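Chains as they are written, first to last, in this note's numbering: chain P, 2 to 724; chain Y, 431 to 527; chain G, 208 to 709.
Bear in mind the hints are in silico, worked out from the structure with no lab data behind them.
The structure displayed is predicted, hence computed values, not measured ones.
Hints should not be assumed to be uniformly reliable.
Straight line, CA to CA, 20 angstroms or less: simulated SDA-like cross-link-like pairs of lysine to any residue [said to hold, decoys possible]: (1) P/Lys670 with G/Val502; (2) Y/Lys521 with P/Tyr706; (3) P/Lys670 with P/Val658; (4) P/Lys670 with G/Pro504; (5) P/Lys514 with P/Glu631; (6) P/Lys670 with G/Arg363; (7) G/Lys508 with P/Ile677; (8) G/Lys508 with P/Val675; (9) G/Lys508 with P/Gly679; (10) Y/Lys521 with P/Gly701; (11) Y/Lys521 with P/Gln699.
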Amino acid sequence: MITARPESVLAGSGAVSPPAAEWEPILPGLIVLLPLLGFVLNGILALRSARYSSAALREGRDWDPFAGPRPPATHRLPTWIGPGVMALAFALALVNFLGMMAADPHDPVVRSYWGWIVTGDLRIDAAIQLDRLSMIMTLVVTGVGFLIHVFSVGYMGRDPGYPRYFAYLNLFVFFMLVLVLGSGFGTMFVGWEGVGLCSYLLIGYWFSDREKSDAGKKAFIVNRIGDVGFLLAMFLLFQGFGTLDFVPIFAGAEDHFAAGGVTITAITLLLMLGAAGKSAQLPLHIWLPDAMAGPTPVSALIHAATMVTAGVYMVARSSVLYALAPTSQAVVAGIGVLTALVAATIALQQYDIKKVLAYSTVSQLGFMFLAAGVGAFTAAIFHLVTHAFFKALLFLGAGAVIHAMHDAAHHGDGHLDEQDMRNMGGLRRYMPVTCAVMWIATLAIAGIWPFAGFFSKDEIIWYAAAWAGAESNPFGRLYAVYWGLALLTALITAFYMTRLMVMTFHGANRTGKTASSRLHEAPSVMTVPLVVLAVLSVFGGWINVPDALGESFAGLWGALPMSEWLHHWLEPVTHTAAGIQVAGMGEAAHAAPVGGGEAVWALVSTLAAAVMVAAAVRFTSTRRYVRAAEDPGPQGGLRRFVYNKWYFDEVYDAVVVRPVVAGSRWCWKAVDTVVIDGFVNFTGNFARLAGWATSLFQTGQVNMYAFVLTLGVLVVLGATVFL
Amino acid sequence: MLIPALYLSVALFVIGTLGVIVRRNAIIIFLCIELQLNAVNLAFVALSRYTGIEGQLYVFFVMTVAAAEAAVGLAIIISIFRHYETVDVDKFNLLKW
Amino acid sequence: MYGDWILHALIWLPLAGTVHVLVSSAERAKNVAFRWSAFVFVLSLGLWWAYEPGDGGFALESSASWIEAWGVGYSLGIDGISVFMVLLTTFTSAIAILGSFEYVRTRRKAFYALMLLLEMGVVGFFLATDIFLFYVFFELTLVPMYFIVGIWGGERRIYAAVKFFLYTAVGSLLMLVAILYVYFASGTGSFGYDAFVNAGLSLREQLWLFAAFALAFGIKVPVFPLHTWLPDAHVEAPTPGSVILASVLLKMGTYGFLRFLLPFFPDAARHPVVVAVMLALGVIGIIYAAWVAAVQPDAKKLVAYTSVAHMGFVVIGVFALTLNGLQGGMVVMISHGISTGALFLLLGMMYERRHTRLIGDFGGIGRAAPWFATAFVITALASIGLPGTSGFVGEFLALLGTFETHMVVAAIAATGVIFAAYYMLPMVQRVLFNELDRPENRTFADLSRREMAILGPLVALMIWIGVHPTPFLERMEPSVQAVLERVEDARADAGHTLGGED
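I would like the entire structure built from these sequences, with the hints used as guidance.
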């Protein structure tokens with residue numbers, strides 16, 4: 002017994018966590034660097050090919066890289082470089098993840114490469130931090146990212162700007178990895194703004210289209226509003242800790258800040274402002290629906306799976322800080338649940354397939370923030386992961402539909418909005434695979450057992466309920482309301498997603514006779530990623546099956562070792578926050594505000610969701626839709642209100658945009674031109690006037706000059722003599 | 431002997447000054463300026479008897495300057511005459527503004 | 208030894224170049240001028256290594272008596288603040304001369320002679336450690352710039368040149384009076400830097416003198432509301448003039464703050480009212496200029512106003528009186544010199560091709576000139592302070608430093624980050640993006656090799672400073688620290704000064 006190695010003693014006993022084993026990550030910097038390499042290579046190709054196209058433009062001819070039998074090298078190589086670097090990065094991330102699982106280190110591993118900003122007592126390193134949370138995020142970013150890159154090969158393959166597209170996409174992944182792997186708020190901010198830049202570039206990818214580049218600009222500016230919050234939060238943190246690195250801040254936060262203090266509340270609220278900008282939460286959600294102007298794979302990668310979840314990641318990363326600020330948590334949860342509800346209602350009345358998905362994304366992000374607000378940081382990350390699977394799948398599926406509709410529209414009669422669901426219908430016959438995988442994703446997002454979304458969404462709703470009943474939660478009643486709204490939103494979600502599916506894939510086809518003959522299933526380079534994501538959407542939720550459900554549901558999960566795996570995996574990251582919360586508010590309740598345990602409510606919600614799906618199928622398929630061109634749009638006050646997105650854009654335009662522009666004009670025309678330059682020109686003109694007046698004395702008559710001179714001499718002489 | 435000399439000097443200077451002011455012919459004005467200079471020269475010479483040799487020294491300076499001035503001034507007057515065919519100073523006011 | 212002659216060489220070689228340009232033919236003038244300026248730049252590069260930060264005081268000092276009767280010396284020295292200003296000057300001078308090859312087509316000899324003379328004046332200004340000498344160089348820069356704007360400028364060039372000259376002259380004459388006051392008050396009979404630092408002025412004197420100096424430098428910076436000469440001068444100036452104006456001449460103002468204003472009048476500089484006024488002006492400058500920039504139809508005027516906004520960050524960074532703030536101010540100065548210089552060069556290239564500066568006359572250039580568009584976008588992003596570019600490092604440090612002492616000011620100033628996007632992105636969009644609807648823009652030529660050679664180093668610098676600013680920060684830190692200590696030491700014996708006042 003005495004000679005036994007400690008590891009073998011501890012192995013098997015689940016009660017004691019094993020000691021932090023030494024773990025050497027394998028080339029972690031390369032994970033970040035590979036996409037950057039891809040960006041550089043694709044960027045060179047993009048600039049080369051752009052030279053040809055601009056030369057052709059000057060000579061007044063069309064340049065089609067795909068005219069010949071084989072596209073030029075600039076349009077062949079990105080197919081391999083773009084997804085290639087992603088595959089390598091994913092493989093490397095996976096190797097490191099497996100290594101981390103085997104070694105099971107408790108503490109994060111920080112690798113510093115160089116001192117980025119070093120001056121005085123400020124030191125921000127260009128460093129990455131590998132821990133359980135960042136590895137999960139890295140896997141999602143590189144894994145889902147890789148699939149979307151592959152899909153893009155099919156979707157964007159005939160686009161003249163193909164290499165530029167992959168350059169931007171690789172650059173995005175680079176910044177996203179900087180964001181999730183950065184070892185402090187400073188490094189995170191680099192990725193934070195960097196992904197905003199890539200989002201801007203990719204939304205406005207077809208920059209010749211004014212509407213699209215407008216959307217990119219809007220995204221960037223709204224994001225920057227959030228970024229100011231992030232910046233100020235960083236300043237406050239630096240003032241408190243003298244550093245921006247995660248490890249010392251989170252280790253010292255508990256000692257440094259009194260729970261519920263002003264500073265910590267300010268920090269967390271400012272961080273939430275940043276998160277609201279990046280993750281499109283109220284009141285800064287307005288950019289995300291417009292962002293759908295970008296290519297559809299971009300919407301899948303940036304505006305569904307990864308970038309918009311950065312805010313959730315950041316809040317989860319700062320769980321310790323949020324746990325110390327219950328007021329902020331109530332705000333976070335409130336913003337989350339309100340966003341979820343508002344966006345879900347808007348999604349009910351949209352006809353653009355991507356707009357529905359965009360509002361669905363906003364709504365689901367709201368759920369994640371609700372999770373963070375109720376202290377269920379694991380649930381937030383869990384929903385982030387499953388959402389990345391099924392929402393990426395939905396967007397890519399929508400991309401496949403749009404791809405088909407695009408080809409059809411080219412051969413159809415007259416103009417055809419290829420994203421308007423009123424022009425679709427009955428696509429199931431033409432695109433069976435896409436239809437099947439999108440149904441899987443729909444059931445997942447609707448929260449139907451046993452798809453991925455069921456487990457993650459249910460956990461969030463359950464935690465809201467449990468949190469509302471926590472012994473000394475100061476906002477208990479409020480959280481009970483949140484719980485009710487979350488349940489309602491979950492049902493709306495089931496409805497609008499089913500509506501989308503029925504309008505798109507079922508019923509009669511409304512594409513038009515000539516056009517519909519061109520509808521086709523997507524090529525396999527696009528369907529294979531869809532199928533992979535569909536598999537993940539089914540099984541992805543099993544990484545964190547709650548114990549309560551594992552026991553109740555047919556006993557199937559009791560046998561699996563996966564029970565609450567993610568929860569345990571993230572424990573080293575979240576346990577400090579959990580400890581603070583338990584200390585501050587006591588244990589969460591074991592029943593919802595109106596009674597009933599976790600398993601009961603899970604059953605209720607999945608049944609209700611199923612009913613909603615059925616209701617939506619019935620409601621939508623009995624309704625007769627006419628083509629977009631003939632449709633007058635929604636009638637009735639409430640419907641129009643929802644269809645017009647609660648008039649958020651109009652209100653902002655009237656309250657913010659117009660006053661700022663008018664103020665700018667006033668500053669220029671009134672202050673600068675009239676007041677300041679008026680004064681300057683007045684002094685100039687005054688001098689000129691005075692000069693003109695005195696110049697009248699200059700008659701040019703020399704005699705007179707001599708006379709005045711003499712007179713002057715006499716006056717001076719007289720003055721000296723007589724005075 | 432000093433006082434009468436100074437009176438003469440003042441008288442000459444005033445005559446010169448009045449001439450500059452009232453006469454119209456540029457040549458006359460010029461001569462009046464010479465008169466003023468020589469009035470000052472006279473004062474210098476008269477005073478040098480009491481103050482030292484410097485007074486007489488300055489006279490040479492003034493004469494040199496006067497000679498240079500006469501050369502330049504007459505040249506200007508000639509070129510003005512060539513242009514306007516008159517030396518009446520009321521007729522030209524180039525110095526205006 | 209390099210250190211013995213380099214400072215003198217940097218001042219007098221451009222003058223030699225001026226003479227050389229004047230005696231060579233008009234056709235060769237541009238090449239001669241470029242070679243001289245490039246030669247000076249290459250020589251100046253050695254300063255990067257020759258300058259050892261040490262304790263932050265002047266290095267490579269050399270001094271000769273000039274006007275002995277008045278205690279005026281020809282004294283030069285360099286420290287961690289001026290070394291970057293000198294490098295920026297020699298660098299942008301060479302770049303600006305190279306960038307003027309197509310733009311300047313008349314009176315070329317005179318133009319290049321004036322450009323080199325201007326370089327001499329600016330370098331001299333940054334190197335002088337004698338106040339009289341500094342003033343001479345300060346005024347010397349005025350003359351070439353006046354002619355560059357007034358002769359090679361646009362339609363309203365005379366108005367702009369005179370406005371520029373008079374604005375600057377008003378400030379500098381008051382400063383001359385203040386200099387003379389300090390000269391006599393110090394009682395040492397010397398115009399040396401140390402004599403001025405140790406002049407032992409009372410708070411009341413300091414406040415008046417501070418006002419005079421601040422007016423002179425504030426006009427140069429320019430600080431709101433003394434900025435209206437800048438948009439006019441920039442719009443009318445030829446491209447190389449704008450580049451030098453933005454990159455270097457504005458820095459003379461903020462450099463003056465650091466070099467003269469704070470060390471000479473420390474009690475005034477940390478007087479709460481003074482600090483409040485300067486911070487308020489800085490913040491107003493940031494937001495006001497951003498707003499005004501956003502509604503300009505003329506691209507060059509827009510960029511001119513952004514200069515005011517950027518320099519606002521320097522002002523708040525300096526008057527926050529924290530190390531981070533001052534360091535940030537320094538980095539903003541360097542970064543602004545590079546990115547705004549590059550923007551003016553890009554606008555100049557647009558003007559050369561299309562003979563218009565109105566944003567509305569462009570659109571869709573990204574399709575016609577992709578390399579141009581790439582350079583434009585990177586430069587614009589550096590200008591609005593995207594992380595990974597030089598602009599971010601500066602603005603971040605300046606805001607952080609301000610936040611340490613004046614939270615509200617920093618919070619308001621931080622909104623300038625939003626407004627930066629508000630003025631820059633619409634311009635980028637309306638020039639590069641949107642429909643390529645004008646036929647004359649379809650033939651918009653992409654960057655030539657010469658233009659790439661101009662923009663390449665600038666873009667590389669923006670990214671280098673953005674990714675690895677530490678070599679810059681560590682070189683300037685001791686000198687910035689010395690300035691700060693000077694202000695803070697005065698704080699220590701402030702009671703004495705205040706007591707002496709009554």
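Here's how the hints hold up against the structure:
1. P/Lys670 with G/Val502: Holds, at about 10 angstroms.
2. Y/Lys521 with P/Tyr706: holds, 15 angstroms
3. P/Lys670 with P/Val658: holds, 18 angstroms
4. P/Lys670 with G/Pro504: holds, 13 angstroms
5. P/Lys514 with P/Glu631: holds, 16 angstroms
6. P/Lys670 with G/Arg363: holds, 19 angstroms
7. G/Lys508 with P/Ile677: holds, 16 angstroms
8. G/Lys508 with P/Val675: holds, 17 angstroms
9. G/Lys508 with P/Gly679: holds, 18 angstroms
10. Y/Lys521 with P/Gly701: holds, 10 angstroms
11. Y/Lys521 with P/Gln699: Within the cut-off at roughly 15 angstroms; holds.
In terms of the numbered hints stated before, the structure departs from none.
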